[in-house]
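Read top to bottom, the protein sequences are chains W and P.
The opening residue of the first sequence carries number 1 in our numbering; numbering runs sequentially from there.
The opening residue of the second sequence carries number 1 in our numbering; numbering runs sequentially from there.
These are computed hints drawn from the structure, not numbers from a lab.
A portion of the hints provided could be inaccurate.
[Stated by the list, open to error] On the chain W side, residues computed to face chain P include the following (Cβ under 10 Å):
(1) 135
(2) 206
(3) 207
[As the list claims (entries may be wrong)] Derived list of chain P stretches under chain W, where covered just means 3 residues or more per stretch with a C-beta under 8 Å from a C-beta of chain W:
(4) 134-145
(5) 233-245
[To be verified] Some chain W residues flagged as far from chain P (calculated, every beta-carbon gap over 10 Å):
(6) 37
(7) 38
(8) 57
(9) 182
Virtual Cβ for every residue (Gly too), placed ideally from N, Cα, C.
Protein chains: 2
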Amino acid sequence: VAAKPVTGIALGTGPEFDRIRAIAAALGDARALGDDCAVVAVGDTSIVLSTDASVEGVHFRRDWLTLEEIGWRSAAAALSDLAAAGADCIGVLAAVTVPTSSNEGELVSLMRGVAAAAQAAGGTVLGGDLTRGPAWSAAITVVGRAARPVSRAGARAGDTLWLTGQLGGARAALTAWTAGQIPTAAHRKSFAHPEPRLCAGRWLARHGATAMLDLSDGLGADAGHLAAASAVRLEIDLALVPVAPGVEAAAAAAGGDDYELLVAMPAEFSADDASALARECDLPLTRIGRIREGTGVALLLDGAAVEIAGYDHFA
Amino acid sequence: VAAKPVTGIALGTGPEFDRIRAIAAALGDARALGDDCAVVAVGDTSIVLSTDASVEGVHFRRDWLTLEEIGWRSAAAALSDLAAAGADCIGVLAAVTVPTSSNEGELVSLMRGVAAAAQAAGGTVLGGDLTRGPAWSAAITVVGRAARPVSRAGARAGDTLWLTGQLGGARAALTAWTAGQIPTAAHRKSFAHPEPRLCAGRWLARHGATAMLDLSDGLGADAGHLAAASAVRLEIDLALVPVAPGVEAAAAAAGGDDYELLVAMPAEFSADDASALARECDLPLTRIGRIREGTGVALLLDGAAVEIAGYDHFA
Chain W
1 VAAKPVTGIA
11 LGTGPEFDRI
21 RAIAAALGDA
31 RALGDDCAVV
41 AVGDTSIVLS
51 TDASVEGVHF
61 RRDWLTLEEI
71 GWRSAAAALS
81 DLAAAGADCI
91 GVLAAVTVPT
101 SSNEGELVSL
111 MRGVAAAAQA
121 AGGTVLGGDL
131 TRGPAWSAAI
141 TVVGRAARPV
151 SRAGARAGDT
161 LWLTGQLGGA
171 RAALTAWTAG
181 QIPTAAHRKS
191 FAHPEPRLCA
201 GRWLARHGAT
211 AMLDLSDGLG
221 ADAGHLAAAS
231 AVRLEIDLAL
241 VPVAPGVEAA
251 AAAAGGDDYE
261 LLVAMPAEFS
271 ADDASALARE
281 CDLPLTRIGR
291 IREGTGVALL
301 LDGAAVEIAG
311 YDHFA
Chain P
1 VAAKPVTGIA
11 LGTGPEFDRI
21 RAIAAALGDA
31 RALGDDCAVV
41 AVGDTSIVLS
51 TDASVEGVHF
61 RRDWLTLEEI
71 GWRSAAAALS
81 DLAAAGADCI
91 GVLAAVTVPT
101 SSNEGELVSL
111 MRGVAAAAQA
121 AGGTVLGGDL
131 TRGPAWSAAI
141 TVVGRAARPV
151 SRAGARAGDT
161 LWLTGQLGGA
171 RAALTAWTAG
181 QIPTAAHRKS
191 FAHPEPRLCA
201 GRWLARHGAT
211 AMLDLSDGLG
221 ADAGHLAAAS
231 AVRLEIDLAL
241 VPVAPGVEAA
251 AAAAGGDDYE
261 LLVAMPAEFS
271 ADDASALARE
281 CDLPLTRIGR
291 IREGTGVALL
301 LDGAAVEIAG
311 YDHFA
């Protein structure tokens with residue numbers, strides 16, 4: 001049985017991605033470290049893998065979330081990469097770092113959240129590692145399989161651009177917390193309990209998705225990754241982007257942590273098709289733009305270009 | 001293609017393992033979080049996976065190792081789990097946390113070490129994640145495949161117990177550093193540049209290994225894991241255990257971080273067979289004891305029982 005890696009994707013712009021490019025260059029393998037998932041061909045199926053670390057003080061704060069929510073959110077962020085590949089979830093591995101001051105029950109709470117997210121995605125906790133360290137952190141590796149993994153590359157001029165769900169809730173919660181306010185229950189839930197879109201990802205892969213990714217860095221930044229990987233230009237009409245109640249469109253496009261799917265579909269994909277997905281996965285799919293020849297991303301509001309910043313861990 | 005987890009192993013004693021047991025109980029799945037590797041059956045092959053975090057101040061210090069050595073050692077520790085399963089390496093995923101004060105070149109150095117270890121094992125860097133955090137840390141997930149993965153369970157009364165390489169070098173380096181001394185070059189190399197025993201692991205699996213694990217916690221502690229998983233008693237003659245020059249036998253048995261393989265072989269496995277492995281993998285294999293009915297581990301020196309402590313991250 002042949003098993004070989006078949007990944008390798010160009011990246012968008014920003015300091016984090018400059019770093020990743022430098023790493024890839026140092027490895028002598030520009031294919032690695034780009035796409036949402038690594039793909040390993042095993043016989044006639046593809047195993048897809050992704051790893052994603054959530055660190056206290058960077059991705060979450062203990063006074064914002066319970067440890068069970070931290071576990072769920074850490075796993076959900078990684079599981080979202082499987083969704084973006086159109087994959088089924090087999091399971092997750094969790095490398096958890098706990099402060100020396102932590103107790104047994106806290107660790108069990110975090111792992112309960114990880115396990116709940118894995119189970120909701122149709123998988124299990126396959127394994128893990130436990131170590132002490134200076135802060136809570138969970139590095140989650142997800143393992144899935146796909147008949148035809150979808151990557152960020154493959155969008156073509158003429159394709160249309162679609163988005164699952166709505167944006168901005170998670171970032172609105174973050175904005176409230178950092179301003180010393182209490183987020184609305186709905187915004188808080190978006191941040192604390194994101195739902196990886198595995199049902200939609202699989203459905204879109206089956207129905208011809210040409211390129212897909214999940215929105216972890218924000219619509220503007222992530223659209224840039226898809227454009228770069230596919231060597232096309234994305235035009236997004238911000239007025240079409242569904243936003244969470246109480247959120248401005250520009251803020252929703254700039255905010256990250258949404259874990260919705262951005263997907264390029266063939267021109268013949270219709271609003272009726274989108275309704276079929278909505279019924280099957282209980283999740284709206286909205287057309288928000290188109291793919292053209294060229295490079296980069298145009299965010300348009302009332303016909304005029306809008307500048308927004310994507311979230312960058314290193315900004 | 002069926003893809004299902006088939007892991008599930010009992011653990012030895014100690015605070016870390018009590019915690020892991022509590023987690024497993026909380027997950028309602030005692031199968032998870034025990035063996036060196038998780039095993040996922042894909043068609044007629046098995047994908048084996050393991051995740052292992054190395055954290056600054058816990059597993060290494062910056063003044064002991066270069067960042068390239070930290071990268072190598074982090075990956076090698078995880079790759080050693082593939083060796084213990086008798087698996088081939090496909091590749092690794094690296095979730096790296098870097099302090100805000102770090103620079104580009106430092107990150108590239110660490111990843112160069114990770115990539116070198118993956119390549120030496122016959123694999124590549126499949127993917128990764130990069131985040132800032134309070135300290136350097138690398139959570140490495142290894143992906144391999146095996147026709148017949150070997151676990152910690154399966155040793156039977158009448159089997160003989162064997163060990164690759166020699167013990168104690170890594171712990172001797174650690175002891176020197178923590179005493180403010182400079183370790184010997186050989187001891188330092190054992191700690192900084194452990195060699196995962198993939199060649200030996202595959203060979204032993206092919207030649208009938210009934211149970212195998214790698215020595216990360218120390219001979220005494222890890223022998224306890226094998227005994228517990230296999231529901232047998234291990235008798236180890238410390239006089240037979242090969243130790244690094246300048247290391248006492250009891251210290252070698254107590255020390256961790258060796259990443260040698262401890263393996264149970266059928267009674268008919270001979271010294272000539274061990275020589276064949278030594279030639280193929282350029283690595284000695286030494287008989288150090290036997291498997292009996294019962295439970296636990298007896299460490300014998302000149303016929304008398306010896307008490308040693310295994311390394312425990314939470315002790």
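A quick look at each hint next to the structure:
{"no.": "1", "hint": "135", "result": "holds (5 Å)"}
{"no.": "2", "hint": "206", "result": "violated (16 Å)"}
{"no.": "3", "hint": "207", "result": "violated (21 Å)"}
{"no.": "4", "hint": "134-145", "result": "holds (count 7)"}
{"no.": "5", "hint": "233-245", "result": "violated (count 0)"}
{"no.": "6", "hint": "37", "result": "violated (7 Å)"}
{"no.": "7", "hint": "38", "result": "violated (4 Å)"}
{"no.": "8", "hint": "57", "result": "violated (7 Å)"}
{"no.": "9", "hint": "182", "result": "holds (27 Å)"}
When each numbered hint is compared with the structure, violations occur for hints 2, 3, 5, 6, 7, 8.
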